[in-house]
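Listed here are the chains, written in short residue letters.
There are 8 protein chains.
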Amino acid sequence: MSNKWEIPAEFSDVVRLDHDRKKRRGFPEAILTERKSNDQINQIVATRDPESRLIFTRVTQSQFEHLCQLLPDGEVYEEARLFIHPAISKPENDKQVLVITAGSSDYPVGLEAALTARALGRQVEILTDVGIAGISRILKQIDTLRKASCIVVVAGMDGALPGVVAGLVEVPVIAVPTSVGYGAAFEGLAPLLTMLNSCAPGVAVVNIDNGYGAGHMAAQITR
Amino acid sequence: MSNKWEIPAEFSDVVRLDHDRKKRRGFPEAILTERKSNDQINQIVATRDPESRLIFTRVTQSQFEHLCQLLPDGEVYEEARLFIHPAISKPENDKQVLVITAGSSDYPVGLEAALTARALGRQVEILTDVGIAGISRILKQIDTLRKASCIVVVAGMDGALPGVVAGLVEVPVIAVPTSVGYGAAFEGLAPLLTMLNSCAPGVAVVNIDNGYGAGHMAAQITR
Amino acid sequence: MSNKWEIPAEFSDVVRLDHDRKKRRGFPEAILTERKSNDQINQIVATRDPESRLIFTRVTQSQFEHLCQLLPDGEVYEEARLFIHPAISKPENDKQVLVITAGSSDYPVGLEAALTARALGRQVEILTDVGIAGISRILKQIDTLRKASCIVVVAGMDGALPGVVAGLVEVPVIAVPTSVGYGAAFEGLAPLLTMLNSCAPGVAVVNIDNGYGAGHMAAQITR
Amino acid sequence: MSNKWEIPAEFSDVVRLDHDRKKRRGFPEAILTERKSNDQINQIVATRDPESRLIFTRVTQSQFEHLCQLLPDGEVYEEARLFIHPAISKPENDKQVLVITAGSSDYPVGLEAALTARALGRQVEILTDVGIAGISRILKQIDTLRKASCIVVVAGMDGALPGVVAGLVEVPVIAVPTSVGYGAAFEGLAPLLTMLNSCAPGVAVVNIDNGYGAGHMAAQITR
Amino acid sequence: MSNKWEIPAEFSDVVRLDHDRKKRRGFPEAILTERKSNDQINQIVATRDPESRLIFTRVTQSQFEHLCQLLPDGEVYEEARLFIHPAISKPENDKQVLVITAGSSDYPVGLEAALTARALGRQVEILTDVGIAGISRILKQIDTLRKASCIVVVAGMDGALPGVVAGLVEVPVIAVPTSVGYGAAFEGLAPLLTMLNSCAPGVAVVNIDNGYGAGHMAAQITR
Amino acid sequence: MSNKWEIPAEFSDVVRLDHDRKKRRGFPEAILTERKSNDQINQIVATRDPESRLIFTRVTQSQFEHLCQLLPDGEVYEEARLFIHPAISKPENDKQVLVITAGSSDYPVGLEAALTARALGRQVEILTDVGIAGISRILKQIDTLRKASCIVVVAGMDGALPGVVAGLVEVPVIAVPTSVGYGAAFEGLAPLLTMLNSCAPGVAVVNIDNGYGAGHMAAQITR
Amino acid sequence: MSNKWEIPAEFSDVVRLDHDRKKRRGFPEAILTERKSNDQINQIVATRDPESRLIFTRVTQSQFEHLCQLLPDGEVYEEARLFIHPAISKPENDKQVLVITAGSSDYPVGLEAALTARALGRQVEILTDVGIAGISRILKQIDTLRKASCIVVVAGMDGALPGVVAGLVEVPVIAVPTSVGYGAAFEGLAPLLTMLNSCAPGVAVVNIDNGYGAGHMAAQITR
Amino acid sequence: MSNKWEIPAEFSDVVRLDHDRKKRRGFPEAILTERKSNDQINQIVATRDPESRLIFTRVTQSQFEHLCQLLPDGEVYEEARLFIHPAISKPENDKQVLVITAGSSDYPVGLEAALTARALGRQVEILTDVGIAGISRILKQIDTLRKASCIVVVAGMDGALPGVVAGLVEVPVIAVPTSVGYGAAFEGLAPLLTMLNSCAPGVAVVNIDNGYGAGHMAAQITR
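Residue numbers (our numbering), protein chains in the order written: chain A, 57 to 279; chain D, 57 to 279; chain H, 57 to 279; chain W, 57 to 279; chain E, 57 to 279; chain G, 57 to 279; chain Y, 57 to 279; chain Z, 57 to 279.
Just chain A, same shape as in the assembly (with noise of 0.2 Å):
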């Protein structure tokens, strides 16, 4: 289209990334990048701070291809729908972050989460298909549980399993709703109501999907 006008210089998107934040917070900045445009993503790798790990989620396969343009040596994450750049390195403790997912549909969620608590500089392991279903799953698990420093619980569906998972732990468990599921199941809402009443105290809970919210809040709680 000929007619298509330039938008003027001072309507035009800054995107400001918060330099300080590393320092304030102790983590580095996370970009949720589904409905970024390329020239969003540009300005902010540009404009970062070199010092700093950048963590991309929700990253579309449009954008994985960009990004492995700009940032070569990035890492993909395909199921997590992650990209990080520099690349995943040691952990900073010997702090365990354990995530469960209820049932394998769940999984990239918890994958999401895990990847995220180790960007952040902690060990992590992964435990799946342990849903309340076949309740002896869990249960032959105690050992791994209660290794763990913190706990985090992804589960669609019904949502059960964190509030089983919170009273047979010492350690904080942080719940995980996903969208797995279908009718009644309304898009996590389902799961969402389950965790935030669950019997059990010391469980608390993320957004629907939030895998990364969720691998955040357990490197800060095992820092």
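Don't take every hint at face value.
Quick list of in silico lysine-lysine cross-link-like pairs, BS3-like style, CA-CA up to 30 Å [said to hold, decoys possible]:
hint, chain 1, residue 1, chain 2, residue 2
1, Y, Lys-146, G, Lys-151
2, E, Lys-203, G, Lys-196
3, Y, Lys-203, G, Lys-78
4, Y, Lys-146, E, Lys-196
5, Y, Lys-196, G, Lys-79
Ranges of calculated distance between the beta carbons of each label pair, as one might list FRET restraints [stated by the list, open to error]:
hint, chain 1, residue 1, chain 2, residue 2, range
6, A, Ile-198, Y, Asp-199, 56 to 64 Å
7, Z, Gln-117, D, Asn-94, 29 to 37 Å
8, Z, Thr-103, D, Ser-118, 53 to 61 Å
9, E, Ser-118, D, Ser-68, 53 to 61 Å
10, A, Ile-198, Z, Val-70, 20 to 28 Å
11, W, Thr-200, D, Asn-94, 51 to 59 Å
12, D, Glu-121, H, Lys-196, 21 to 29 Å
13, Y, Arg-279, W, Asp-76, 31 to 39 Å
14, Z, Val-70, D, Ala-102, 35 to 43 Å
If you are wondering where the hints come from, they were derived from the structure by calculation, not from laboratory data.
If you're wondering where the values come from, they're calculated on a predicted model, not measured in any experiment.
In this text, a Cβ means the ideal position worked out from N, Cα and C, and glycines have one as well.
Chain A is already provided as a structure; the job is to place chains D, H, W, E, G, Y and Z on it using the hints.
Frame of chain A, contents of chains D, H, W, E, G, Y and Z only:
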């Protein structure tokens, strides 16, 4: 007020007892009593089928008093808000209905379920305060669970217990969400959604606080 | 993308089949297939209990193709989105499960219920297109209704049929709301609420579109 | 309190009766009384059109007393919460409005509808306690149904009756959901949704517990 | 896929046309077509009552093509998604149904209402784009409004038009909320609630986007 | 109770008045009084900026009495639940704020808006009972509407009035939904959604029953 | 399809431009374009008032192309989905509207607000990416904030920015919730509720993603 | 009533204290007291583990009196609705939990959190009335914020404070939405959604008004 107008005869409220019901459905009629006037209760008692038992549910304190005068040999169960006439008799078969409540605050709803099943001719046992916050409590009862022919599980807050129970047994589980809880329990919505999304098959759900419906269903299943 | 990073071994997704389930619950395991990767399906097939039947639910078109290659003698039911292996065999008893659908658009969910009950060893009959808009259609089937040991009623939109059916029979009714409808049906919320508020006792409800759950419950009730 | 400040004249609440309404719409004005102060009621009575009938709806006990003093020859219908002045006179035509209530707890709302239609000049009959749990009750009344020119159906809980009735007759059905029920009835939301999703065409819906609106609509339809 | 299993005869979907309907209700049957398979459509056409008109609603593009081959003399109304056979004939009486749409985006739903009323034998007129943002547009049409025997008002977004219209006329108003709008319109929930809470009596509401239901109701009212 | 424990000093509730606010924002501070204890009110009065006016909103009856003792020359507006000290003085400019209420039950919220704007230095006029059920009532006031510099429109139930008003004037309209209504008004949700979806631009919305917020906004707009 | 029926003339959709609007309201008309057919657009362009500017909102890609052919000298703003004709001219006064977006994903909605205010004759400045996660970003802009005569704040997710901004300035804040976010953001419901409950007075809210409405309101406030 | 029936022994409610909990989880048991009968409270006190502290939450006035008689040396905290026995002792470590409340109406929930953390052995400080309407109030407390090892932030209405706090510190923030507010706060739903959608990572959320849960979580994090 002197100018109170008489409602014309063709407008007067007629209570139409479903006399045919016992024959058609095999179970006596129940009356949701709460909003009924004493006149309506009188009409129900006057036109009842003398061969059949009446079960009044959700009875208020003043309605109990009225019913005791009308039917002096009826049975009053205040905590369960039930009035049953004539008195509950012996079980009709030896199948067992087991009623489980997650917390002791769920007990009145569980009691309504248990007494209903008993009034309809079943053997019933109750197990209380075995919620998932201390999962060992329910696991210790595995033998009791496996003796039952049908299990009613009553739970508020996270509503997670029915799914755990269903995963342990062969028999059908009727789940009853309760309005026990606060905040994001939203008067029973949270446990209702949890139960509808149960990961373990073998769970079907009745209305919030509907102990009567669950007891009736359990009696039908264990005919 | 060349810089795709390997997920470390301790993060890899493990499918944990509930091998013990057939023994503990008396029924084979079902897999909610929709979001599973082919790798996960391979793992499930590889580690299955050869004595036990596998039921894959909510199978997508490309998953059907993958399953047909893995298990060439499995059975494909496209309309019901089921894959069953080994093939359904004879009924184990002579109790009958009756599946009723209100409209013909509810048929796929009804079929999922019917095939599930059959795969779990029951005799099943289906009755379709008998919704309450023409009440005589269901009343004409009263003999069919009264032969059944358990009835599954599948309905979208107003969801009124299960209550009518429950009022006509002695046996338990499992109600399945469907997402059939538009506008204020809110993807199945309307029939779900209708069914939970059924005036006739003897109705218990499963999740929206959950034909599998209803068929499973019916099979348990008619053991 | 001595320092109670006078509200300035230009702020004072003016009741603006819609004097023109009887001429424009053919029906007298109704007043939703519940939150009105006695001052506001006085103003309404003082400025009324003496040719026209006033219908006060949702009247509280103390408002009834106030109205009886103001208009001693008005009619009090306590159960329906209506005050009508001057008294209801003869029907204006011979078309019949039939008001049906599913349960006897829905009777007050049905009575509000019936009395409204009568106050607006219609012949009205009421049929109560014919809910779908015992479908034969409504089927026995088929002759009564077919005599009516318009049918108002009032139902709480599952709200299924209007759809059944609409499927049996030629005339329009006005459906009124009520707040009768508990739990997942959500104060009338469940029957409201049921009625909006009625499978049978020929059903239109008014607000929860809005007997007045249904009676008014029925009177308009049967002009 | 070679191993596609045949669904046993007793499971096959039977379309049960409500042959009796024309006689019982006085109006021909309508088919909600959207989710029907071509097989189901064939069955409907094959078993139709040749004396009666068929109205197919919510027809998809490929279903239109299939219907044109089956019933070459049927009428296609693409914008309204209706297929009618045999063609619409003359009005049966001289009462007029007026269909009003608030915005021009509401026109397809209004057209569905208008064509339905016409197919059921009514005279119909349409008035479009007279929403309340410019209130003079509807006020200029006061003569058109007052000629009608029944008015259907179709509106999305704020859904305020039916209340304004009802306040101007004597005849009943059928209100149809539409899914036109975005954000807090929540797919038609906002106008639905507005219409149910109409301050002016004489408004009854049908489902969101249910032009067919409104046209049917209008035809019944103007018999 | 003898064993009532003293809350340690570091736990005691400190009221932190925003002393800086008058300077920063140009308007005095308001206190949402409802849940405040008398101790907290004392603290607020004791630490107030003597140069600045205090506006207490949502004052309960017993709080009014407490405030009258503390500040005997404050002004009590019971119906609007406001306590203002020192007394409202003359308007600061000659721009006019017009407050309109749809029904007379919406008057207390309208009065709160009007008194707030007045306390903040504006000239205010109120127009009541001009809802859309009789559209001529608002049209007759067109001259009053066009004199205002900002209009606050208060409405419950269908909430349609702000959109009509906005379509008639040049100036901004602040819409206040109220909890007046019943059933599907859902405590003000219905008019809130209506107002957010207003077809006419020039409407912005504040919280349900938030007369204070609307009056404040109007005062800011008419500085 | 050959049997496509002609819609009779009295059914055809008439676009009724509100010619009077510019005079009555002082602002040109806007068209919500999304669901309009090309025919409807042609009619709008053909019947436009040549003295007045047209603003097409929510324009789709193919509608942009159609509009460019019809009105070759119109301006296309793709990111904001606006088409404006004739081109935006100089500001009419020197009051400044400031548009702030919390995140850079909220930018398109902010741009729609900014361009609308500009098309209506205002000076506009945009400030982006100053969300509360790094509160210093907005605090550094305090001088920019205090120069504005009206501020539009656009935010998704937690929607907290408008309340912070309103607490810093004297002028009115128009808050625009966006659908940016996921999970419990529920398509903009979360920021909408946040903004309606803003602790700081001086915030009024428009519909989710309604940049046009906010820009229009800001232009009215800064007349 | 004379005919009150004895509930059979096998139906009687058994309180099952989770004796093992202190050992398993490291923290004493808490009792949600509100709906408990005095009999149930007696049973709890009689069967308690004498080595372990009991925390009764949501205690009603009459329950406080009962508890004071049973356990005369317990501590009563009326405003926080807590009863703790034996009395709170010295902190177990020197990590500090900081509890912040946005408004002074949120103070009781904040106090419940603070006392819980203290009863579980933590040092606690409270900071009140630092909501975002006057952002400088929280910014002035930056040193207090940075001394804490875990921060609990309690807020109703817009619920925006936790996100601001999380953006300022390194440590985890536990957010507690409260039911403080009115209208579109929907009993705490608005701040709950705000907190779940917090733009700043490092926020996890507990149930509405759940001060106990937040205090418990904070104690676990600061072990």
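Evaluation of the provided hints:
{"no.": "1", "hint": "Lys-146(Y) - Lys-151(G)", "in the structure": "27 Å, holds"}
{"no.": "2", "hint": "Lys-203(E) - Lys-196(G)", "in the structure": "25 Å, holds"}
{"no.": "3", "hint": "Lys-203(Y) - Lys-78(G)", "in the structure": "18 Å, holds"}
{"no.": "4", "hint": "Lys-146(Y) - Lys-196(E)", "in the structure": "37 Å, violated"}
{"no.": "5", "hint": "Lys-196(Y) - Lys-79(G)", "in the structure": "19 Å, holds"}
{"no.": "6", "hint": "Ile-198(A) - Asp-199(Y): 56 to 64 Å", "in the structure": "59 Å, holds"}
{"no.": "7", "hint": "Gln-117(Z) - Asn-94(D): 29 to 37 Å", "in the structure": "33 Å, holds"}
{"no.": "8", "hint": "Thr-103(Z) - Ser-118(D): 53 to 61 Å", "in the structure": "36 Å, violated"}
{"no.": "9", "hint": "Ser-118(E) - Ser-68(D): 53 to 61 Å", "in the structure": "57 Å, holds"}
{"no.": "10", "hint": "Ile-198(A) - Val-70(Z): 20 to 28 Å", "in the structure": "26 Å, holds"}
{"no.": "11", "hint": "Thr-200(W) - Asn-94(D): 51 to 59 Å", "in the structure": "28 Å, violated"}
{"no.": "12", "hint": "Glu-121(D) - Lys-196(H): 21 to 29 Å", "in the structure": "47 Å, violated"}
{"no.": "13", "hint": "Arg-279(Y) - Asp-76(W): 31 to 39 Å", "in the structure": "36 Å, holds"}
{"no.": "14", "hint": "Val-70(Z) - Ala-102(D): 35 to 43 Å", "in the structure": "41 Å, holds"}
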